[in-house]
Structure formats: C-alpha cells, structure tokens
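Fit chain B to the known structure of chain A by using the hints.
Protein chains: 2
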Amino acid sequence: MKVICSQKSLVNGIQTVQKAISSKIGLPIYNGILLEVTENQKVHLFSTDLEIGIDCYIPAQIIEHGSVVIPNKIFGDLIRKFPEGNIEIEINENNVVHIKEEDSSQYKILGFSAEEFSPFPDIQIKTKVRLSQKVFRDSIQEVLFASSRDENRSFLTGVLIKSVEKGIEIAATDSHRLALKTILLSGRDKSKIENQFEVILPNRALSELFKLLTSEENHTIEIGIEEKQVVFILDPEEEQNRIRLFSRIIEGQFPDYHQIIPNQFKTVIKLDTDEFRQRMERITLFVKEDLNTVKMESHSYDQQKSESRGELILHVSTPDIGDAYEQIPCLLTGEYVEIAFNSRYVMDVLRIINTEHIEVRLNGSLNPAMIIPNQSKENYCYVLMPVRVD
Amino acid sequence: MKVICSQKSLVNGIQTVQKAISSKIGLPIYNGILLEVTENQKVHLFSTDLEIGIDCYIPAQIIEHGSVVIPNKIFGDLIRKFPEGNIEIEINENNVVHIKEEDSSQYKILGFSAEEFSPFPDIQIKTKVRLSQKVFRDSIQEVLFASSRDENRSFLTGVLIKSVEKGIEIAATDSHRLALKTILLSGRDKSKIENQFEVILPNRALSELFKLLTSEENHTIEIGIEEKQVVFILDPEEEQNRIRLFSRIIEGQFPDYHQIIPNQFKTVIKLDTDEFRQRMERITLFVKEDLNTVKMESHSYDQQKSESRGELILHVSTPDIGDAYEQIPCLLTGEYVEIAFNSRYVMDVLRIINTEHIEVRLNGSLNPAMIIPNQSKENYCYVLMPVRVD
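The listed protein sequences correspond, in order, to chains A and B.
Numbering of the first sequence is given in our numbering, commencing with residue 159 and proceeding in unit increments.
Numbering of the second sequence is given in our numbering, commencing with residue 159 and proceeding in unit increments.
You may find that some hints are simply not true.
For identical chains, the list gives no copy identity; a pair is met inside one copy or between any two copies.
Think about it this way: if two alpha-carbon atoms lie no more than 35 Å apart in a straight line, the pair counts; the simulated DSBU-like pairs of lysine-lysine are [as the list claims (entries may be wrong)]:
1) Lys446 - Lys231
2) Lys231 - Lys166
3) Lys428 - Lys231
4) Lys231 - Lys453
5) Lys231 - Lys182
6) Lys239 - Lys428
7) Lys258 - Lys463
8) Lys446 - Lys177
9) Lys453 - Lys266
10) Lys200 - Lys182
11) Lys369 - Lys231
12) Lys453 - Lys160
13) Lys369 - Lys239
14) Lys286 - Lys369
15) Lys535 - Lys292
16) Lys177 - Lys239
17) Lys258 - Lys424
18) Lys166 - Lys428
19) Lys369 - Lys446
20) Lys446 - Lys182
21) Lys166 - Lys453
22) Lys428 - Lys266
23) Lys424 - Lys453
In short, the hints are calculated from the structure, not lab data.
Chain A on its own, in the form it takes in the complex (with noise of 0.2 Å):
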C-alpha cells in the first residue's frame, strides 16, 4: 500500500473515527486505526471497540492498493504535527508504516496485519428513517444523562430508539430517574418508515455520536436498522465526507415507562430557568457526595387564588460544612409541599433545559415528581423519585 494524502484530511479522518477507540478492551490491535486502499482516490479509515465502529473516507493519491492497522496514538499525534502539505504513507511487506514529509521527516511505525481486525458486519438494513442532525443532536443531550453508569444491569446502561406514531421517541433511566423525548417527523419523513422498530444503545454509542453531529441547519442523519446493530450515516447524500458510526444492540426489555410517567399533580411550581439554575449550583456547593440532598419547600403568599405567587425555599445542611439556604420566586398552583431530591439529578435537567421558565410538578413528597420545560412544544419530560428524609 502507498498512498499520497493531505495532512489536513488526515487530521480530519483520524479525529473521526478515533473516537470509536476504548481503552477498556486489551488486545493493541484495537487500538489502532484500520487504514485500507480498495477504490481509486480514497483512504478508507475504520476503528471499532468491537460494541461501537466509527468509518468514513479521505481523499488521497493511491499509488498502491493495500491495508494496514497504525496504533491510533503515535499516528495521530504525529500527523497532527506535521505542517499543512502532503504525507507519504507506504507500508511493507512486515506492515511496517512509512510516514514521510518532503525528505527531511521520516518515520517508521509498527503497525498490525488488517487480516486481524474485526470489521461490522455489512447485513440486510430492515428500516432506516431521516432526520436533521441539530434535532437529533439536541435530543440525545435532552436524554443521555439519565442512563445508568451500573454495568450490572447493562439495558439500563443503554437508550432506547423507537418508532412511535408521532415520531420517534428516545428515553434513558436509570431506575431513579427517566429522561424522555418525543421527536416529532413530519408525514413525509414518518410515511418512509418502513417497519417500525425499538432498539437500545450503549449509552456510549450515543455520546460518541453526539460529537460527529453538528448543530448546524441543513445536514440530516440516516438511521439504519439492522438485526443485530445500528448504522447511524451522517449527511448520506454526500458522497465523499459521509460518516458511518455503527452500534451494537443491547439486548433486552426496557422498562415500562409510560406507566410512571404521571399526569395529574397536586403542586405546580413556575421557575425562570436561570434562577433556578444558579441558585441550584450555588446551594450544591454545600452538599457531600454521598448526601446529595437538597430540600425544597414551597411558600405561597395567597393560597385563595388558583395560581399564586409565593417562593421555593431550597435548603441544605451538612454538619462538617455548614448550611446553605436559598429562595427563589416563584407561581404556585396547588397544595404546600415538602420535598427532598438527589441534588445532582436536578442538576442534570436544569443543565440542559434552555426555556426561559420551567415547571416543576409534584405529587406530594413520596411520588415521583416531574420536571419540564414550560413550553409544550419541547415535547420532553424528566420524571424523578424524591428521597425520603425525616
């Protein structure tokens, strides 16, 4: 193999694709990047940690067809430091990587046999669905963290991915919490589904897709049901600068949980959003980590009328610390209530809510509790258990 490319697509190409790479698996063949010739004018630049793969293609002057694995490291760090121009890449029969800039650089990496190196899979695509990138983008930030972190119990480390009649919906919990985000397509997008589907992710397949996504207008993402993984291509009907990033399916059920979801609540509190936030972030500063809680308390300066206005007090008290109290103003519909939660997991949802008001309705301090943006629009809902304190 002898390939001619530009530093700068180089750089590009492996960014992309070594995001697929975990140190958590040990053969040192998985940490390299495939590099492999087999079209004229493109390198195409695959890595996998064998749940997720990450691929796409650079331009490039090919002089001889061939493949390679390069470990991922020393190969990046080093095309990054070459100057803009172009790298001569040629291997040998011992798959020894010649790396060459004019004459005056010259390089030698060990690299592995392709022959070892486990692809994805090209199977039978069942369905597939399109939408734009900056949605889908948005909604995995909206659900992700909410999937658990326990290995244990791997299918709530994953998102579920369904069809549903309105459009798609993507949910993660963790069992203490449930993030969910319904996103709406259009008829024309809906009528190309062909079969309906609901399949759970690693978590991490979605949070290394987050970032190849843009939040630009105007570029989609295809979504490619197969039997036993996911292809998710970005902007499809490039030719040239697609990237495919495939994924494993968890198997397994996934909760219910359109059953916890509540609808009818005895408190509704209205917040601005960056109030809430800033004050929440403040008061948090006072709490261990293995004593998330923060208390919540709701004061109304009128209970006669139907909505009132009136205050959220938020305490938190940790004996080798101190104590923090907070009040923030709010609109109150229904009963007084006393609550506490798990400080970070309102910390997470306010973190990414960016409507200029929130609600935050309560059934009681024992029932779940329920937070959203104050537009329903948004078409998402965080639903939290509160802890019991005394």
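Same frame as chain A, now just chain B:
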C-alpha cells in the same frame, strides 16, 4: 467581625492568596484563608503553607472588627458563584461565618479561630531591590524549569537569586543541567542595593509568584531580603492593591555553577528556533519515558569554510514503537559531532527561547553542551550534560 465587600474584589482577593495553599500540609486550618479587620475600610486576606505565604487587602465597609480563618475551597467556590454586587460577611463567637447576598441567599460556613493560624513574622529587612515585573517574570520562566523535583536534595529544588556586579543572577540546576539568567540593572537601581545578597528560594515560591506577576510594562516588584525569609511586594508604590508573597529561604550551599559553564567550543550550530522546536516536538513523540534519548549529528556541505551550510540530523529509535528521523538546515562552525541528549532537557529550553535563531555549542560527545539564544543581549545560557550512547 462584620464587613460588606463587593463580590468582585472578594473573588480577586481569594484567587490571589489561595495560591499559597498547598495540599501537602495536613492541618485543616491551613486549607483556609485568614480574614481580618484591623484597619478601617480594608479587609486583610492571608494564606500560607508555612513555606510560602501570600497576602493582600481588599476595600470593604467595616461594621465590626475581628478575624477568622475560612475553609478556602467552599468559600472561594461560593463567592465566585454569587452575582456581582455586595456580600455581607459576619462572624459569630463560635467562628461560624454567615454569608449573605440580599435576603434570598444565606450561607453558614464553619470557620477556625484566627489565633491558631501562624502568620509570617515581620522581621527587619536587610536589603531590597526594585525591578520591572515583566523582566522578573520572564527571568523566572527562563530558569525555573531547570530546578530539581527531587525532594531529597532540597537545595537543588530551589532557585538561586544573587546580587552581582551587573545586577541580579537567577540560577537553577538539577545537576544534569543549569539555567542561568542575568538581569542587568541600571546604575541608579543598582546603587539602591545596600547590601549584597545570595538566597536560595523554593521553586514553588517562584512558580506561584510567576502567576501573580504581570507582563504589562510599568509595573514594579520590590524584593526585600530578611534573615530567614524573602518578601516580594508587587506594585509597592500602590498602597491599595499591593500584594505580598513571603518565602522561607532554603539553607544550603548552591553549587558553584560558574565553573561548569564552558567558554570555548569545538562545534557551533546555528538553527532557526521554530524549526528546531517543531521537529524536536515531532521526534520526541517516538521517545519512551524511561529512555528519553535523541541523537544529533552534524552534516556539513563544505568543511573547508570556517562557517558552512549544513544539516543537523535528529534520530530516535524505540524498538516497540518505531523509528524517527528529522533533518534541519543549519550553519556549522568547527568539528563534526555526534551526540545524544535527554530529549526533555532540550525541549524544555526550546519552549522558552523566543529569539529567531538559537545556537547549540558543543565540545565533543561527552562534555557539557550549551544552548543559547543567538542574541547576546539576552544574557541567558543553558548548559546540559549529554547522554552517553554506544
């Protein structure tokens, strides 16, 4: 004690003095900042790890005198998260610190009695010298990296500051290399040095001082030498914004470094600094941490001339990574040479030299080498021992 300060000046004050706090010291009180009111309109802030100390004053409305030590981390984080505006700090009898921002935010932090906190004693200043902050800041940067990190040879973990005929010398060495800077003082400034001095200061004192100094012109620093400590006063002419850094003096005899600085050379190599740095950065990617060697070899195009064009060849070979080769155009005087260095020692000095050209001066492959900026007005030299290779 009861005071009202602006959030902004509190944040600045805390950020300044907390640099003296070190995790090395086990006593919780020394993770704190001393706040005290002894004069009107000002709060005094002070932190120390008993090796160095930093203090400053911030403007305040004083309602009641007194003092307390407040845990640094929670105090700094909390004040930083408050909006701009006034903050009220009140201490009760049990050293509980009450912090209020309007009535809607109220915090209590458990503090310590100021009586248990050890200040730096005010001793008689033997001599003092004033110079530009920018000049002193640049000089620290040029020398500090060469000091030793080996705590067993405490006098080599220090930096020497010494009055000499031309001005002030700053030197650091870890016994494998030496960095030496001479700060030239004008006749007027020099005549103000009443007594000659020679002190070794811990490198931490100078690295924290470096962060406090500005590279803007027209700011001065006063160095006051006492019996067992040195005090640096930033902007000594300004009564209000004055910051002081105290440092213990390290006892011990600094090596006689002048005798190891060679003054005749068999080979002199002139290089473009940026090109040398970039190629060294690339090639050191192939160096293993425990075997840091880079080989250098001079190639002349015309050995007849006293100064000829040629190349410096860099070479690194690490069995399980690969092989790296770079060549740099240069001007050569004197003998052919092949030599090896610890690559980190070369990179360290290339990072701080910012003249367009650089000179590598050698006396064969076993004797100390010298790297200097190619401008004599820099008054800087870096001496390093080569590594013996076969």
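Hints, verified against the model:
1. Lys446 - Lys231: Between copies only: 13 Å across, 37 Å inside.
2. Lys231 - Lys166: within (17 Å within a copy, 43 Å between copies)
3. Lys428 - Lys231: between (49 Å within a copy, 33 Å between copies)
4. Lys231 - Lys453: between (47 Å within a copy, 23 Å between copies)
5. Lys231 - Lys182: both (15 Å within a copy, 34 Å between copies)
6. Lys239 - Lys428: Between copies only: 23 Å across chains, 52 Å inside a chain, cut-off 35 Å.
7. Lys258 - Lys463: The answer is between: 32 Å across copies meets 35 Å, while 78 Å in one copy does not.
8. Lys446 - Lys177: Both ways: lysine 446 and lysine 177 sit 33 Å apart in one copy and 24 Å across, limit 35 Å.
9. Lys453 - Lys266: Classified as between; 16 Å across copies, 61 Å inside a copy.
10. Lys200 - Lys182: within (31 Å within a copy, 55 Å between copies)
11. Lys369 - Lys231: Both. Shortest intra-copy (19 Å) and inter-copy (32 Å) distances satisfy the 35 Å Cα cut-off.
12. Lys453 - Lys160: between (65 Å within a copy, 29 Å between copies)
13. Lys369 - Lys239: both (23 Å within a copy, 29 Å between copies)
14. Lys286 - Lys369: Answer is within; shortest intra-copy Cα gap is 22 Å, inter-copy 56 Å.
15. Lys535 - Lys292: Answer is within; shortest intra-copy Cα gap is 16 Å, inter-copy 56 Å.
16. Lys177 - Lys239: Both: 19 Å inside a copy, 34 Å across copies.
17. Lys258 - Lys424: Between copies only: 33 Å across, 70 Å inside.
18. Lys166 - Lys428: Between copies only: 31 Å across chains, 50 Å inside a chain, cut-off 35 Å.
19. Lys369 - Lys446: both (31 Å within a copy, 31 Å between copies)
20. Lys446 - Lys182: both (30 Å within a copy, 23 Å between copies)
21. Lys166 - Lys453: Answer is between: at 30 Å across copies they meet the 35 Å cutoff, but 52 Å inside does not.
22. Lys428 - Lys266: Between copies only: 28 Å across, 63 Å inside.
23. Lys424 - Lys453: Classified as within; 18 Å inside a copy, 76 Å across copies.
Every hint, counting from the list given before, is met by this structure.
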